[in-house]
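Engineer: Each residue of the first sequence is one higher than the one before, starting from 278 at the first, in my numbering.
One or more hints might be untrue.
Label pairs and their calculated CB-CB ranges [claimed, not checked]:
| hint | residue 1 | residue 2 | range |
| --- | --- | --- | --- |
| 1 | Ala296 | Arg323 | 15 to 21 Å |
| 2 | Glu288 | Arg366 | 17 to 23 Å |
| 3 | Gly392 | Asp333 | 37 to 43 Å |
| 4 | Asp388 | Asp334 | 19 to 25 Å |
| 5 | Leu390 | Cys292 | 41 to 47 Å |
| 6 | Gly320 | Gly357 | 33 to 39 Å |
| 7 | Asp333 | Asp388 | 33 to 39 Å |
| 8 | Gln389 | Ser331 | 18 to 24 Å |
| 9 | Ala300 | Ala350 | 18 to 24 Å |
| 10 | Glu360 | Pro302 | 16 to 22 Å |
| 11 | Asp334 | Asp387 | 23 to 29 Å |
| 12 | Arg366 | Val335 | 35 to 41 Å |
| 13 | Ser385 | Ala363 | 30 to 36 Å |
Derived by calculation from the structure, the hints in this document are not laboratory data.
Beta carbons: idealized from backbone N, C-alpha and C, even for Gly.
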Amino acid sequence: MRAKTKAIPAEDAACRILAAVRAIPKGQVAGYGEVARRAGLPGRARLVARLLGSNDDVRLPWHRVLRSDGRIAFPEGSEGYREQSARLREEGVVVERGRVRGLRATASLDDQLWGPMAG
DNA sequence: TTTGTGACCTAGG
DNA sequence: CCCTAGGCCACAA
278 MRAKTKAIPA EDAACRILAA VRAIPKGQVA GYGEVARRAG LPGRARLVAR LLGSNDDVRL
338 PWHRVLRSDG RIAFPEGSEG YREQSARLRE EGVVVERGRV RGLRATASLD DQLWGPMAG
C-alpha cells in the first residue's frame with residue numbers, strides 16, 4: 278500500500294463539510310477549522326476552503342465561513358471580499374474592517390495588549 | 001517525481 | 001499588531 282491511510286473518502290468528506298456549512302444558522306458565522314471539526318474532520322480547514330472555492334451551489338451559505346480570527350478570508354477589496362461582507366450585513370452580522378466581532382475572544386496576553394484600540 | 005500554492009489552523013515569541 | 005514553525009492536503013507545474 279503506497280497510499281496513505283485516508284480515513285474518510287473524499288466524497289464523504291465533501292458531503293459532510295457542505296452539510297456543516299449549510300447547518301450554520303442565518304446571521305451566525307463559523308471558522309473554517311470549526312466547520313471541519315463539526316464535519317468530523319479535525320485539522321482539515323484547507324479542505325473546507327478548497328470546497329467552498331470550487332462550490333457551485335448558489336444555495337450554499339458560504340459567506341458564513343470566516344477565518345478563525347473572525348476576518349474575511351479574501352484579500353481586502355477583492356470581489357469575494359465585498360460580496361461576503363454584503364451578504365453578512367444583509368443577515369445583520371456586524372462586519373467592520375473586514376472582520377466580524379465576537380467570534381474569538383482574545384486569548385493571549387499579547388493579543389490583549391494589541392486589542393481593538395491599538396490597531 | 002518533487003515543488004509550489006492556497007477562501008486555513010494552532011501554538012509560540 | 002508582526003513573525004516563525006509545524007500541521008493539513010488537493011492540485012497544478
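Engineer: Against each hint, give a clear statement of whether it holds in the structure.
Structural biologist: Verification of the supplied hints:
no.: 1; hint: Ala296 with Arg323: 15 to 21 Å; result: holds, 18 Å
no.: 2; hint: Glu288 with Arg366: 17 to 23 Å; result: violated, 34 Å
no.: 3; hint: Gly392 with Asp333: 37 to 43 Å; result: holds, 40 Å
no.: 4; hint: Asp388 with Asp334: 19 to 25 Å; result: violated, 36 Å
no.: 5; hint: Leu390 with Cys292: 41 to 47 Å; result: holds, 43 Å
no.: 6; hint: Gly320 with Gly357: 33 to 39 Å; result: violated, 24 Å
no.: 7; hint: Asp333 with Asp388: 33 to 39 Å; result: holds, 37 Å
no.: 8; hint: Gln389 with Ser331: 18 to 24 Å; result: violated, 38 Å
no.: 9; hint: Ala300 with Ala350: 18 to 24 Å; result: holds, 19 Å
no.: 10; hint: Glu360 with Pro302: 16 to 22 Å; result: holds, 20 Å
no.: 11; hint: Asp334 with Asp387: 23 to 29 Å; result: violated, 40 Å
no.: 12; hint: Arg366 with Val335: 35 to 41 Å; result: violated, 19 Å
no.: 13; hint: Ser385 with Ala363: 30 to 36 Å; result: holds, 32 Å
Taken one by one, the earlier hints fail for this structure at numbers 2, 4, 6, 8, 11, 12, listed in ascending order.
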